[in-house]
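Enquirer: Please model the entire structure based on the sequences and the hints provided.
Numbering (the numbering used here), first residue to last: 1 to 504.
Calculated from the structure, these hints are not laboratory results. Everything numeric in this text was worked out from a predicted model, so none of it was measured. Check each hint, because a few of them may be wrong.
Derived lysine-lysine pairs resembling DSS-like cross-links, with alpha carbons at most 25 Å apart [claimed, not checked]:
hint, residue 1, residue 2
1, Lys179, Lys145
2, Lys138, Lys172
3, Lys468, Lys450
4, Lys66, Lys179
5, Lys143, Lys472
6, Lys472, Lys437
7, Lys66, Lys92
8, Lys136, Lys66
9, Lys66, Lys143
10, Lys172, Lys145
11, Lys437, Lys450
12, Lys143, Lys179
13, Lys468, Lys172
14, Lys172, Lys151
15, Lys136, Lys450
16, Lys92, Lys143
17, Lys172, Lys143
18, Lys180, Lys151
19, Lys151, Lys179
20, Lys180, Lys145
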Amino acid sequence: MFTDCSDVVIRPFQLETGIPAVAVFVDGLVNTELLENALENIMVFEGGEVDIERIQLRNLSVSQIKAVDNYGDLLNSMLSGDTALLVEGNTKALLLGLRGAQTRSVGEPETETVIRGPREGFIENLRTNTSLVRRKIKTPRLKMKPLVIGKHSNTNVVVAYLEGISDPELVKETVARLKKINIDTVLESGYLEEYIQDSAFSPFPQVQYTERPDAVAAALAQGRIAIFTDGTPMVLLVPTTFSHLLQATEDYYERFQMGTLIRWLRYLFLLLSILTPGLYVAISTFHQELLPTTLLLSIAAAREAIPFPAVVEALIMEIIFEALREAGIRLPKAVGSAVSILGALVVGQAAVQAGIVSAPMVIVVSITGIASFTIPHYNGAIALRMLRFPIIIAASLFGVYGILIGGMIIVGHMANLRSFGVPYLAPVGPMSLGDLKDVLWRAPIWAMNKRPSFLDVPDITRQGTELKSIIKAQGGFRDAQSLDRGDENGKEAEHDHPVGKEPS
Numbered sequence: 001m002f003t004d005c006s007d008v009v010i011r012p013f014q015l016e017t018g019i020p021a022v023a024v025f026v027d028g029l030v031n032t033e034l035l036e037n038a039l040e041n042i043m044v045f046e047g048g049e050v051d052i053e054r055i056q057l058r059n060l061s062v063s064q065i066k067a068v069d070n071y072g073d074l075l076n077s078m079l080s081g082d083t084a085l086l087v088e089g090n091t092k093a094l095l096l097g098l099r100g101a102q103t104r105s106v107g108e109p110e111t112e113t114v115i116r117g118p119r120e121g122f123i124e125n126l127r128t129n130t131s132l133v134r135r136k137i138k139t140p141r142l143k144m145k146p147l148v149i150g151k152h153s154n155t156n157v158v159v160a161y162l163e164g165i166s167d168p169e170l171v172k173e174t175v176a177r178l179k180k181i182n183i184d185t186v187l188e189s190g191y192l193e194e195y196i197q198d199s200a201f202s203p204f205p206q207v208q209y210t211e212r213p214d215a216v217a218a219a220l221a222q223g224r225i226a227i228f229t230d231g232t233p234m235v236l237l238v239p240t241t242f243s244h245l246l247q248a249t250e251d252y253y254e255r256f257q258m259g260t261l262i263r264w265l266r267y268l269f270l271l272l273s274i275l276t277p278g279l280y281v282a283i284s285t286f287h288q289e290l291l292p293t294t295l296l297l298s299i300a301a302a303r304e305a306i307p308f309p310a311v312v313e314a315l316i317m318e319i320i321f322e323a324l325r326e327a328g329i330r331l332p333k334a335v336g337s338a339v340s341i342l343g344a345l346v347v348g349q350a351a352v353q354a355g356i357v358s359a360p361m362v363i364v365v366s367i368t369g370i371a372s373f374t375i376p377h378y379n380g381a382i383a384l385r386m387l388r389f390p391i392i393i394a395a396s397l398f399g400v401y402g403i404l405i406g407g408m409i410i411v412g413h414m415a416n417l418r419s420f421g422v423p424y425l426a427p428v429g430p431m432s433l434g435d436l437k438d439v440l441w442r443a444p445i446w447a448m449n450k451r452p453s454f455l456d457v458p459d460i461t462r463q464g465t466e467l468k469s470i471i472k473a474q475g476g477f478r479d480a481q482s483l484d485r486g487d488e489n490g491k492e493a494e495h496d497h498p499v500g501k502e503p504s
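Expert: Here is the structure:
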């Protein structure tokens, strides 16, 4: 079976009594030092022991050992990094958990940087990623259900959720969708995302991904489900609504006033990133009366020598800007940022001097590009960048009416979307007033004492309100001892007096 597999090592040896045995492992996936110690313990054992289960109990100082009786389980585990141990005269084999593949160390995420918050991010090792979340949620209710997907890749996948908080039906649906995936290889979580999302042809992402353990822990505490995939630092979160794509983990680490202001800025620049080029095309082509006379004369003077209509101008600059942004991402980091910034400046200035585009159009495209950078999640920003082009075309055909019709179509499409049965526009549509405190603004942490109702979680209460009530009742500063005494007196009064009756 392993002919021409140079990395597979088959190591035959004999026990102390001359009984033949063999160890099979993949070089590079096993900690060879630990393996040598384990084999040494078996070789020098005296007493003529041949039973594989007694060897497991008495001879091996390995923390993870599993006995299997079929080649399918043996091969899957061995190719994942375990060592297979076979001894003559036994119908079972032992799998020794001596994995030691080289992985990069835990570092700060590059796609989700923050000023205030943890500086650790996921890596490509599955068990390291699950341990980072386990360190933040130290409860046996955190369940991690293992799956294997891919006929050839046999990729390990873990579905994580909080028992008693996540909807059991949602967990069953997630696991069922993953089990039905029939594919040769799974190299990244994006493979799974395209299979399990509700609407594959929608430009809006219905699955959120992150490489921050604190973001996963917060999502699990809400009642959502995390999907870990071996070989990638990106963890999928379901279900996902549009409001999740506009929220960043740092919103909850700063004071709620700052979090609310930043969130409002995101909403403003979200509209600018979609509508600004279309509005410029519509107003300069059909609705010049909407502009002040001075501004209108300035734009007309700038476009006097331009040979193209405004829509062609906008499409040229948008395509060039997208190409420069993509080039900046793909080039090495040392030159990527310089090329993207200098390229935009040089190309924009040269295009204006050559009379191909006007200076106002360069300003509009620059504002649009900056606005799209304010979206916290990359897949959400990509959706808005794609929708910008049909809005520009609609504006060139029907003016502002085209923009309104395009916006209505987009909102209607979003209202029809579902992510694992959850409305994509929740809690705005359908309206849930209690959940708006984490959408339209960022309420204080102590005020968000309920989990989102649209997730249909069994346990809706997430925290108590005793501390804020005590501080408000005291009306000022008290030391810790008086706070404790007040708490104890409150409990005694509650015990001495019936519920509903106030002590005099």
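Enquirer: Give a verdict on every hint.
Expert: Evaluation of the provided hints:
1. Proximity of Lys179 to Lys145 is assessed by CA-CA distance (about 12 Å); at most 25 Å being required, the pair is judged to hold.
2. A threshold of 25 Å between alpha carbons decides the hint, and for Lys138 with Lys172 the separation of about 23 Å falls inside it, so the pair holds.
3. This hinted pair checks out: Lys468 and Lys450 have alpha carbons roughly 16 Å apart, not beyond 25 Å.
4. Simply put, Lys66 and Lys179 have alpha-carbon atoms about 24 Å apart, close enough for the 25 Å limit, and the pair holds.
5. Proposed proximity of Lys143 and Lys472 is contradicted: the alpha carbons are some 38 Å apart, above 25 Å.
6. Only pairs whose Cα atoms come within 25 Å are accepted, and Lys472 paired with Lys437 is accepted, the gap being roughly 21 Å.
7. Between Lys66 and Lys92 the CA atoms are separated by roughly 10 Å; this keeps the pair inside 25 Å, and the hint holds.
8. Of the supplied pair hints, the one linking Lys136 and Lys66 is violated, its CA atoms being roughly 28 Å apart against a limit of 25 Å.
9. For the proposed pair Lys66 and Lys143, the alpha carbon gap of about 21 Å is at most 25 Å, so the pair holds.
10. Of the supplied pair hints, the one linking Lys172 and Lys145 holds, its CA atoms being roughly 11 Å apart against a limit of 25 Å.
11. Restraint check: the Cα-Cα separation between Lys437 and Lys450 comes to about 10 Å, which is no more than 25 Å; the hinted pair holds.
12. Between the alpha carbons of Lys143 and Lys179 the distance comes to roughly 17 Å, so the proposed pair stays at or under 25 Å and holds.
13. A threshold of 25 Å between alpha carbons decides the hint, and for Lys468 with Lys172 the separation of about 38 Å lies outside it, so the pair is violated.
14. Proximity of Lys172 to Lys151 is assessed by CA-CA distance (about 22 Å); at most 25 Å being required, the pair is judged to hold.
15. With a C-alpha separation of about 20 Å, the suggested pair Lys136 and Lys450 falls inside the 25 Å cut-off, and the hint holds.
16. For the given pair, Lys92 sits about 29 Å from Lys143 by alpha-carbon distance, which is inconsistent with the 25 Å threshold.
17. A distance of roughly 13 Å separates the Cα atoms of Lys172 and Lys143; the hinted pair therefore holds under the 25 Å criterion.
18. At most 25 Å may separate the alpha-carbon atoms for a hinted pair to count; Lys180 and Lys151 meet this at roughly 12 Å.
19. The suggested pairing of Lys151 with Lys179 holds, with an alpha-carbon distance near 12 Å, which does not exceed 25 Å.
20. A threshold of 25 Å between alpha carbons decides the hint, and for Lys180 with Lys145 the separation of about 16 Å falls inside it, so the pair holds.
Taken one by one, the earlier hints fail for this structure at numbers 5, 8, 13, 16, listed in ascending order.
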